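**Q** Residue strings, one per chain:
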Amino acid sequence: MNDLLFNIGYGHFLVLAAVLFLIGMAGVLIRRNALIILMSVELMLNAANMTLVTFARMWGGADAMNAHTFALIVIGVAAAEASVGLAILVAVFRGRRNVDVDRLTTLRH
Amino acid sequence: MKIVVWVTTLLLALGATSAIALAQEPNEHAQVNAPRGPVHAEVAAVHPHGDIVEAHDPAMALLFWVFAAVTVGGALFVISRRNLIAAVMGMVGSFLGIAAVFMMLYANFLAVIQMLVYAGAIMVLFVFVIMILNRPEDEPVAPSGRIGLVVGGIAVLYLVSRLVLLLVHVHPPNPAVASAAPAQLVLPSLTGPAETVDWGSVKAVGSNLFDAGLFPFEAISILLLVAVVGAIAIARPLKDIDAEEGGS
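Residue numbers (the numbering used here), protein chains in the order written: chain A, 8 to 116; chain F, 837 to 1084.
Here chain F stands alone, though its shape is the one from the complex (with noise of 0.2 angstroms):
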């Protein structure tokens, strides 16, 4: 019976993503037959692929892949450890790296705030609850078959082979912009002349923030403060459960 559920999963999941890479490819040959004007063909001279980040600096390609494997391998050490404590570094390791690549596409601003949010804040918090359940350990992994192993293994990296085949091929909409680095943006001010800040810079997030992005950020300080209440509503000891147990 199980087999006949993975058997009928995985031939679900061939035919979605066949029919996924069918609906794709037509675009994708309209997009790269599409004349992009004389920029474009400058800079597909320079770089064949039109989609450099950083155009052909081996020391920033070595740097890319040192933090994507420290990404990847703190992400892995968190799914894959049985002691809690040793994912939650996993994890924090896994973050600075993220932050460092967020550094690398130039968002500034976000790297700092992932760096001190994420591996400051949020993972503190996780270590205190660690700490105050103190005997969370289990099993690794649900029990699974061999024959639910394997189909799912096939099915897994089939899925992984085309998602990436299709993602190494994503084209920038404007190659001329998006192979230097980001121009600097230009402010208006209230009291003074206008003023250029750097793109991806606090100024330009925090301009933005408060100009396009005003009603989610009122609504996000209501969503924390009913978070924090809601926090501490949920884990405060109920009376009669800290009584039977002795005030624990």
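Extracted from the complex, chain A is given alone in its bound form (with noise of 0.2 angstroms):
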């Protein structure tokens, strides 16, 4: 127990990583606003970086570095990714009045 909580190793980011995932998970799955949920896929990009940037400490070197490279690149994609689900909620608001998406049925058939 003392061992888990003052030596901090890699398992403990992991952990952390995984656990963030996990938080943004059940916001994609629980929350009903489109706003939250998008945010929530944010948060589980995050959680792949804090992963890709941990694994890259525990191999060091410089083929490491190839583990930022790729995660700045996937900051990148969540930033376009950011702008165009906003903008596509704000034309659905614009036509519909609110972002539930429990209430966005009209492609169901």
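By construction, these hints were calculated from the structure, which means they are not laboratory data.
In this text the structure is predicted, and so the values were computed from the model without any measurement.
Glycine included, C-beta positions come from ideal geometry on N, C-alpha and C.
Please note that a few of the clues may not be correct.
Ranges between beta-carbon positions, derived for each pair [to be verified]: (1) L1023/F x V81/A: 21 to 31 angstroms; (2) D107/A x G1066/F: 20 to 30 angstroms; (3) G1028/F x A69/A: 16 to 26 angstroms.
To give an idea of the interface, some chain A residues facing chain F are shown, with a C-beta separation under 10 angstroms as derived from the structure [what the hints assert, rightly or not]: (4) V26; (5) I30; (6) R64; (7) D70; (8) I82; (9) V84; (10) A87; (11) A98; (12) F100; (13) T113; (14) L114.
From the structure, some residues in chain A lie toward chain F, with a derived Cβ separation under 10 angstroms [what the hints assert, rightly or not]: (15) F20; (16) R38; (17) I43; (18) N53; (19) T61; (20) M65.
Two chains, each in its own frame: build the complex with the hints.
**A** What follows is the structure, given as structure tokens:
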């Protein structure tokens, strides 16, 4: 127990990333507001990034910089995803006056 | 009918994790028992686990727990608040905590980018959209029955505990490197002598980005251009709707 509290190893960072990912996934599953769902997706992307950075630190050396480059590109993709997703939400809200995903059922049939 | 679905899901999840655990265990033993050379024996003698990021420093451990609490607390704030602005503020706190964790992992450049891009740009975008939409609040969670909550809670607890037990036993491939501060990198230079830079610094990441990551770099620039044009095209008000609403 003492070891677990005071010896911070790579497992701690991986567990933190996993918990963050699970919280994001829970947000996607239980919330109905599309804005919160987008934010939860951002949380999941960040958790994946944290795992990448942890493994880079674990591996060390020049090759590990590949993981940092990959994490940078994930951040870029997340920015693009957020901008397009928010634009879609604005367009949906303009037509329907709400962004509740349970009520956006026009495409169901 | 609903309970049948839930129980089936639970059984499937249990079976899947047991299969994963069974597949994992022999592997783990093989890794533990494999000889790792004299360097590893030395490190293992100093650090019993061999996977210490910051060796036996209580202050560092305290900082890790503080930032982990900030990160997880902010994330929980995001998915539990009814007020969207409060959710965004929790998100900003979470991103700042993640940036601090990146700094603890010697990813200096990524930590700064995390603060600039996420806590700065993306969150400002979210706040703008929340203020444009002006009334997008809803029920906090979708309705679900009591049985669903109990079964789902048990399944989640079981899965999380299995995941945590698996992840805390991760061992680095070369503990001698992994338990010390990362060594500096030597970058070749076209014009002058080779340059020594810090691991995870702007120069180290940039050198890799324009070497191994050149194609993804160009692809992401095109993706961002398409996203900018697409966002403007989607969010621009159509003419007839605009006239109908009196130019709101």
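**Q** Evaluate each hint against the coordinates.
**A** For each hint, the structure was consulted:
{"no.": "1", "hint": "L1023/F x V81/A: 21 to 31 angstroms", "in the structure": "holds, 24 angstroms"}
{"no.": "2", "hint": "D107/A x G1066/F: 20 to 30 angstroms", "in the structure": "holds, 24 angstroms"}
{"no.": "3", "hint": "G1028/F x A69/A: 16 to 26 angstroms", "in the structure": "holds, 19 angstroms"}
{"no.": "4", "hint": "V26", "in the structure": "holds, 6 angstroms"}
{"no.": "5", "hint": "I30", "in the structure": "holds, 4 angstroms"}
{"no.": "6", "hint": "R64", "in the structure": "holds, 4 angstroms"}
{"no.": "7", "hint": "D70", "in the structure": "holds, 9 angstroms"}
{"no.": "8", "hint": "I82", "in the structure": "holds, 6 angstroms"}
{"no.": "9", "hint": "V84", "in the structure": "holds, 7 angstroms"}
{"no.": "10", "hint": "A87", "in the structure": "holds, 4 angstroms"}
{"no.": "11", "hint": "A98", "in the structure": "holds, 5 angstroms"}
{"no.": "12", "hint": "F100", "in the structure": "holds, 5 angstroms"}
{"no.": "13", "hint": "T113", "in the structure": "violated, 16 angstroms"}
{"no.": "14", "hint": "L114", "in the structure": "violated, 16 angstroms"}
{"no.": "15", "hint": "F20", "in the structure": "holds, 7 angstroms"}
{"no.": "16", "hint": "R38", "in the structure": "holds, 6 angstroms"}
{"no.": "17", "hint": "I43", "in the structure": "holds, 6 angstroms"}
{"no.": "18", "hint": "N53", "in the structure": "holds, 5 angstroms"}
{"no.": "19", "hint": "T61", "in the structure": "holds, 6 angstroms"}
{"no.": "20", "hint": "M65", "in the structure": "holds, 4 angstroms"}
When held up to the earlier numbered hints, the structure conflicts with 13, 14 and fits the remainder.
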